Amino acid sequence: LFLIIPQFFNYQKKELIIENYVYFNYGLQIKKIENIKYKFFPIPKLEITNINSDFYYKGTNLKTKKLIIYPKLPSIYNYSNFEARKIVLENNDLKINLKNLQHLSKKIFFLKKKLFIKNLNLNIKEKNNTILNIKKINFLNYGYKKNIVRGEIFKKNFNIKLDENFKNINFELLKTGVSAKINIIERDKLNKIKGNLKGKILKSNFKSDFIFDGKKIEFENFYFRDK
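Numbering of the sequence shown is given in my numbering, commencing with residue 3 and proceeding in unit increments.
Possibly wrong hints are sitting among the right ones.
Unchecked claim - Derived lysine-lysine pairs resembling BS3-like cross-links, with alpha carbons at most 30 Å apart:
#, residue 1, residue 2
1, Lys68, Lys33
2, Lys115, Lys88
3, Lys65, Lys88
4, Lys158, Lys209
5, Lys158, Lys148
6, Lys101, Lys114
7, Lys127, Lys97
8, Lys205, Lys157
9, Lys183, Lys229
10, Lys109, Lys148
11, Lys148, Lys209
12, Lys217, Lys183
13, Lys33, Lys15
Hints in this document: simulated from the structure, not taken from any laboratory. From a predicted model like this one, the values you see are computed outputs, not experimental measurements.
Let the hints inform the model, and build the full structure from the sequences given.
Shown next as structure tokens:
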């Protein structure tokens, strides 16, 4: 009964509380909600359908078919102190300018709250022109699949594995023979990122040092070997 009774609540009156929670904790500034439903099986959750929102930055338009919020048990009745265990963004389309992509990535990767982004189509633009489409992106910041990004680019599946400090990045374009490892060594006082890159393309191997200042990448000590 404790879990079933909230199914009869009027959640339209609680929209503002839920909107404020996801904004202050997950950066989702919701502009449009179609419907909110409570489901108690197999575990209590709120399902919000067809959401239109800004994701951390104004103009970073995120359309979500379903937002699933798993509230903590006391929050099922006490919305004045609403807290969630985790949220799931399911079936998403995101359009973002290239200059905002780096900042948005930092917000997502360093988020303390539990987040599962499921099936995201990412459209990256520069000066209103599409420069890259990445499809079917999946990312969790918790659990045994933590900090693993999976998706599709150039009609090929890829995996990106990130370590806890986001200083080591392993990229693999599956079934193509293309892979790369990025090791970030330091950030200097001017916020330049220094590191090295090792990669493989079919039977060719390469490695290089690099410096990234936020606008351009400089490569040094480039080495290439082909069998």
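Do the hints match the structure? See the list:
no. : hint             : in the structure
1   : Lys68 to Lys33   : holds, 14 Å
2   : Lys115 to Lys88  : holds, 7 Å
3   : Lys65 to Lys88   : holds, 19 Å
4   : Lys158 to Lys209 : holds, 23 Å
5   : Lys158 to Lys148 : holds, 22 Å
6   : Lys101 to Lys114 : holds, 24 Å
7   : Lys127 to Lys97  : holds, 7 Å
8   : Lys205 to Lys157 : holds, 22 Å
9   : Lys183 to Lys229 : holds, 20 Å
10  : Lys109 to Lys148 : holds, 15 Å
11  : Lys148 to Lys209 : holds, 27 Å
12  : Lys217 to Lys183 : holds, 21 Å
13  : Lys33 to Lys15   : holds, 16 Å
Hint violations for this structure: none, all hints satisfied.
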